[in-house]
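> Chain by chain, the residues:
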Amino acid sequence: MNAFLRNAWYVAAWSHELQAGKLLARKILGEPLVLWRTAGGAIAALEDRCVHRHAPLSRGRLEGDALRCGYHGLKFAPDGRCIEVPGMDSPPPAACVRRFAVVEHRRWVMVWMGDDVARADTGLLPDNFSCESPEWAYVPGYVHYETPVELIADNLLDFSHLSYVHAATFGGGADDTLARVQPRVERLTRGVRVRRDIPRVPPPAYYRPLWAYDDPVDRWLHYEFLLPGTLLMHSGAQPAGMAAEDAERQGTGVRFHSCQTLTPETATSTHYFFMEAHRADRGDANVTEALFQGLLTAFEEDRAMIAAQWRNLQRAPDRRMLPLHMDAALTHYRQLYAAALRAETPT
Amino acid sequence: MNAFLRNAWYVAAWSHELQAGKLLARKILGEPLVLWRTAGGAIAALEDRCVHRHAPLSRGRLEGDALRCGYHGLKFAPDGRCIEVPGMDSPPPAACVRRFAVVEHRRWVMVWMGDDVARADTGLLPDNFSCESPEWAYVPGYVHYETPVELIADNLLDFSHLSYVHAATFGGGADDTLARVQPRVERLTRGVRVRRDIPRVPPPAYYRPLWAYDDPVDRWLHYEFLLPGTLLMHSGAQPAGMAAEDAERQGTGVRFHSCQTLTPETATSTHYFFMEAHRADRGDANVTEALFQGLLTAFEEDRAMIAAQWRNLQRAPDRRMLPLHMDAALTHYRQLYAAALRAETPT
Amino acid sequence: MNAFLRNAWYVAAWSHELQAGKLLARKILGEPLVLWRTAGGAIAALEDRCVHRHAPLSRGRLEGDALRCGYHGLKFAPDGRCIEVPGMDSPPPAACVRRFAVVEHRRWVMVWMGDDVARADTGLLPDNFSCESPEWAYVPGYVHYETPVELIADNLLDFSHLSYVHAATFGGGADDTLARVQPRVERLTRGVRVRRDIPRVPPPAYYRPLWAYDDPVDRWLHYEFLLPGTLLMHSGAQPAGMAAEDAERQGTGVRFHSCQTLTPETATSTHYFFMEAHRADRGDANVTEALFQGLLTAFEEDRAMIAAQWRNLQRAPDRRMLPLHMDAALTHYRQLYAAALRAETPT
Chain L
3 MNAFLRNAWY VAAWSHELQA GKLLARKILG EPLVLWRTAG GAIAALEDRC VHRHAPLSRG
63 RLEGDALRCG YHGLKFAPDG RCIEVPGMDS PPPAACVRRF AVVEHRRWVM VWMGDDVARA
123 DTGLLPDNFS CESPEWAYVP GYVHYETPVE LIADNLLDFS HLSYVHAATF GGGADDTLAR
183 VQPRVERLTR GVRVRRDIPR VPPPAYYRPL WAYDDPVDRW LHYEFLLPGT LLMHSGAQPA
243 GMAAEDAERQ GTGVRFHSCQ TLTPETATST HYFFMEAHRA DRGDANVTEA LFQGLLTAFE
303 EDRAMIAAQW RNLQRAPDRR MLPLHMDAAL THYRQLYAAA LRAETPT
Chain X
3 MNAFLRNAWY VAAWSHELQA GKLLARKILG EPLVLWRTAG GAIAALEDRC VHRHAPLSRG
63 RLEGDALRCG YHGLKFAPDG RCIEVPGMDS PPPAACVRRF AVVEHRRWVM VWMGDDVARA
123 DTGLLPDNFS CESPEWAYVP GYVHYETPVE LIADNLLDFS HLSYVHAATF GGGADDTLAR
183 VQPRVERLTR GVRVRRDIPR VPPPAYYRPL WAYDDPVDRW LHYEFLLPGT LLMHSGAQPA
243 GMAAEDAERQ GTGVRFHSCQ TLTPETATST HYFFMEAHRA DRGDANVTEA LFQGLLTAFE
303 EDRAMIAAQW RNLQRAPDRR MLPLHMDAAL THYRQLYAAA LRAETPT
Chain A
3 MNAFLRNAWY VAAWSHELQA GKLLARKILG EPLVLWRTAG GAIAALEDRC VHRHAPLSRG
63 RLEGDALRCG YHGLKFAPDG RCIEVPGMDS PPPAACVRRF AVVEHRRWVM VWMGDDVARA
123 DTGLLPDNFS CESPEWAYVP GYVHYETPVE LIADNLLDFS HLSYVHAATF GGGADDTLAR
183 VQPRVERLTR GVRVRRDIPR VPPPAYYRPL WAYDDPVDRW LHYEFLLPGT LLMHSGAQPA
243 GMAAEDAERQ GTGVRFHSCQ TLTPETATST HYFFMEAHRA DRGDANVTEA LFQGLLTAFE
303 EDRAMIAAQW RNLQRAPDRR MLPLHMDAAL THYRQLYAAA LRAETPT
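Going down the list, the protein sequences come from chains L, X and A. For the working numbering, count along the first sequence from 1 and bump the result up by 2. For the working numbering, count along the second sequence from 1 and bump the result up by 2. For the working numbering, count along the third sequence from 1 and bump the result up by 2.
Please note that the accuracy of each hint is not assured.
Unchecked claim - Straight-line C-alpha distance at most 20 Å; calculated DMTMM-like pairs for lysine to aspartate or glutamate:
| hint | chain 1 | residue 1 | chain 2 | residue 2 |
| --- | --- | --- | --- | --- |
| 1 | A | Lys77 | L | Asp177 |
| 2 | L | Lys29 | X | Asp178 |
| 3 | A | Lys29 | L | Asp177 |
| 4 | L | Lys77 | X | Asp178 |
| 5 | A | Lys77 | A | Glu65 |
| 6 | A | Lys77 | L | Asp320 |
| 7 | A | Lys77 | A | Asp118 |
| 8 | A | Lys29 | L | Asp320 |
Stated by the list, open to error - Footprint (simulated), chain X over chain L, 3 or more residues, beta carbon under 8 Å:
| hint | region |
| --- | --- |
| 9 | 57-67 |
| 10 | 339-346 |
Rather than coming from a laboratory, the hints here were simulated on the basis of the structure. We treat Cβ as the ideally placed atom computed from N, Cα and C, and that holds for glycine.
For reference, chain L alone in the conformation it holds in the complex (with noise of 0.2 Å):
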C-alpha cells in the first residue's frame, strides 16, 4: 500500500446514495467500510469486516439501525459494538468492528480515515458550497479510476492539458492558447491555488448548451487544489473585452462553480466524486442535464490518457519525468502531500 495521509477527511458518497435501509459498501484507502442511514438520519460508517470470521458486513440485513452480518448472525450497532451473538447470552466485550467518524457535509457523506476517531476535525472540512445552494445547479458526477490518486491530481494540477486531451469539449479546438497562457500559481498552506486567465480565446464548445455564440470570449479558470485531493473552482467567460461588471451586470455570459474530489479506493484505484454547477437562474433541468453529459465525455477523455500514461508507468517505474514550468504547480501540490504525510507519520 502507498502511504496516503490518513488524517483527513475524504468522500466516501454523495448523500443521495445512502438511502434508508440500505447498505453501501465502499473501500477506502484499502480500507473496505459499510455506510448506512439510521433512522434519526444520521450515517454509520463502520469497517466492512464482522469481527468473527471476516465476512463483510455489507451482506448482511439491517434490523432497525443495528446491522446483522448475514454469514453467522451477529449483530451490530451502529458504534461498531456487538449486540448480540445467536446462542449466546451476551456477546463477548472484544467482538468490536471498528468505527469511522463520519459527517454529511453539503451532500458529501465524509469519512474521517484516521485510527483516533476524536481527532476528526470539522475545521478541515472543504468549503464546496455549491453542492447545496439555491443558486447553483448540477448533477452529481461519479467516476472510477484504475489508476493512482497522484495521477489523477497531477491532470487537475495543470490544465495545459484542456488543449490537448479536451480540444473538442474544454478546449478551444485548434486553438491552443491556453496552454500557452501562464497561470498564477500561489502557495497556501493546505493546497495551491492557480489562476488561468485566457484572454480573446474561442468559446470551448462544453458552454454550448449554455452559450451558442461563435465570437471570441476571455476565459478564466480560478481554482484551490486542497489537501487531499478536492478541487473547487469558479470558471467561466464572457465576451472578449467586455468589463467583468459589465459582464456581470448585463447577466451575459457564463459561470460555474465544480466541486471535485478524490479519494484514493487502493494504492492503485480512485474514487473520483465531481460536480460543475452552473448558476441555477440560467438555464434550465435540461441544460443542467447537456452540461453533465459535456462533463462525462471530457472525463472519459483524461481517463482515457491517464490509464494510457499508468501503463507506461508500471513499464520503467523508475525512469524520471522532465519538469517543465507548466509543472509548478503539481510539484508544489507533491511536496505538500509528502510533508502532511512525514508529519503524520511517527518517527
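Go by the hints and put chains X and A onto chain L.
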C-alpha cells in the same frame, strides 16, 4: 502452494464424467491430471504433462487404451510407460509419466495423491453409500469455487449459517432457532461428528418439493466431516412432537442422506462434488430434480458469501478472527488437519 | 524481463499497417514504440513515451511530419528532438525521445532494437524475397501470442508436430509418416537449416485449394530458421515417384515459399508475422485467400497447443524436459541464441 494432505483419497470426478473414448483433464492439489476409462472399464489417471516438452496429454487422443500426445506423438500405456516415440526404434526408459492410484467407489472416482502408489489404502475410502443405492435418489452436483478449501470446510462445519445465509432455502425465513440451538460436537479420530436437533421450527423452503405443509416440524442435521474433506449427513424432519418411531412407521416427514466432498484444485480454488438424496420411494424424478435445483440455489448463496469473505481475507491476511462457541467443530477439524499434515511431512 | 537479443532487426509491422497520417503503437521487447510514415514515405520510430510525464505519444496527433503529444502538447520531430513546448520560447535540450533505426524491407517494417543506432547493420536483414515479388502471391498474416517467444520457435524448429497438431490441415490425417521421417539438420552461423523429405504420403488437406487430387505425393519442407527468429521456407509436393525436373517442366505439383517471423512483445507475449506464398501463375485471388484461411486454421491449432503447454510450464517451471532425437534443431538454435546473447552482454 499451501500444504495439503497428500496421502489421502480425493474425488476427481463423478463416474459418469468418464466416458469411453474421452479424456478428462482435472487439476488436483495443483497438479494436472488426465483420466480416462479403458476398454475393460478400469480408470487410468496420469499426470497431464508429456515428459517430452510438457504439453498436456489431455490434448492428445486415445488409441485403444493408450494415450498419444497431441504435440509430438509420444504414446503412453495406462500405467504411464511410454510405448512409442515416432521415429525411434524404442522409447528411452526415462520416458515415463507419473501415474496415480485410482478407484471408482460408489460413483466417486477417487485418486490417491500421495507419491507412493503402494500406500494407497482403500480402508480410508468414505462411506458414501447413498451415492449407489436403490433406496436413495439424487442428481449429482458440482460447483467450482475460486476460494481456498479451508473456507468451504469452515462453512460446512458450522450450520448456524443456515439461518442467515440460507434464510430463504435451508433456513427458516425470519426464524433463526436453528442458529441458536447448540449442536453436539464429538471428536473422531479422522474427523468430527456434529448433531443438531431443532425442535418445533417452520419447515425450510427447500423441503417444499417433498413436504408441502407449513406446520412446525422437529428437524435434525446429523453429520460427520472427515479428512481430507468429506461430509456425510443424515437429515430430516417430522411433525413437531411426534415420536421418531411413529413418524418412521407412518412414513411421514422427510429424510435425506447427503454426500459432499471438497477437492482442492489449487491453493486458492476448489472442486466441490455433492449430492443430497431423498428416499427413492418418496417422490418421483420431478421431485428429485426440484430438490436438486433448490440445492444449487442454496449452494450459490454459500459461494457468494465465501467469495466475499475470501476477498476480505486477502486484503488483510494477518488480521485475527474471533473464535466463538459456534466454531467448536471447525476449530477441532482445523487442528486435526494440521496434525495429520505434520504426521505426513518428513522432518 | 527475459533477456532478448537487442542488436538485431525485428519486424514491427507489415508495410500496409503504416498509413499516411496514422500513428501505430507497438510494443517490442517490452518497450513501447510509436511508428508513422512521413510525407516523404520514410518511417519514423520513437519510444512511445513523452519525456515530460510519460504519456504515450501514440495518443497524440501528427502535424506534418512531426508528432504532438496529446497530453500537454510537446512536439517532436521524426528523429525524436523536441521542437516545441507550449508556453516556452524553446524546448530544453534534454527533451528528447529515443528514436529507433527502422527500414522498410520487402513489406516488412524492421526496427533495430539495440541502443546504438549506428550499429544497425542492414547486412543482417533476412532474405524474405517472396514478400515482394511478382512471382509469388499471398495474404499477409498476423497472430498475437500470449506465450514467450521460445515456445513458438521450438514449435517451428520441429515439424514432427505437423502429424499430430495439424493432422487435419498440414499433416496427413491418420498417416504420420511426416513425423517418422528423419530431417537433415545443418548448423548455420546465425541459425539452422532443416530439410525434411517425405516420400509417398497423402497430400495434406491444406493443399486442397491448389491441388484437388488424393494420390500420394512426394513432399518436402526445406527451411532456415535464423536469429533472432525468422523462418524462410521452400516447400511443396509432386506426384509420388516423379523426378523433380519433370514436375517442374510439366508445371505439376505445388510449390510454396513462406516467410515467418517472431517478434517478442514482452517476456511472455509475442507478435507473429507470417505469410505463405504460392506461385502467382498458379491459382487466382480466391485460391490465395483459401490458402490463407487454411493457414490461419492451422496456426490456431499451434496457438492452442502452445498456450496449453505454457500453462503447464508456468505451473512447474523447474521440471526438466526430456530431449529426444526430434529436438536436434531446436536444441542447436537455443544454444546459438544463448551464445549470441552472451556475446552482446557486457561482462
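> All hints are to be evaluated individually against the structure, with a verdict given for each.
Now the hints, each set against the structure:
Taking the CA atoms of lysine 77(A) and aspartate 177(L), the gap is about 15 Å. The hint holds against a cut of 20 Å. Note on lysine 29(L) and aspartate 178(X): the hinted pairing is violated, with a Cα-Cα distance of about 31 Å set against a maximum of 20 Å. For the suggested pair lysine 29(A) and aspartate 177(L), the alpha carbons sit about 32 Å apart, so the restraint of at most 20 Å is broken. For the hint pairing lysine 77(L) with aspartate 178(X), the CA-to-CA distance comes to about 13 Å; that is within 20 Å, so the pair holds.
Restraint check for lysine 77(A) and glutamate 65(A): satisfied, since their Cα atoms lie roughly 9 Å apart, inside the 20 Å limit. Distance hint between lysine 77(A) and aspartate 320(L) is unfulfilled; the C-alpha atoms sit about 24 Å from each other, more than 20 Å. Between lysine 77(A) and aspartate 118(A) the alpha-carbon distance is near 24 Å, which puts this suggested pair outside the 20 Å criterion. Among the hinted pairs, lysine 29(A) with aspartate 320(L) is consistent with the structure: their alpha-carbon atoms are about 18 Å apart, no more than 20 Å.
With 4 residues having a beta carbon nearer than 8 Å to a beta carbon of chain X, the region 57-67 of chain L meets the requirement of three or more and the stated coverage holds. Closer than 8 Å: that is the beta-carbon criterion, and the region 339-346 of chain L has 0 residues meeting it against chain X, so the requirement of 3 is violated.
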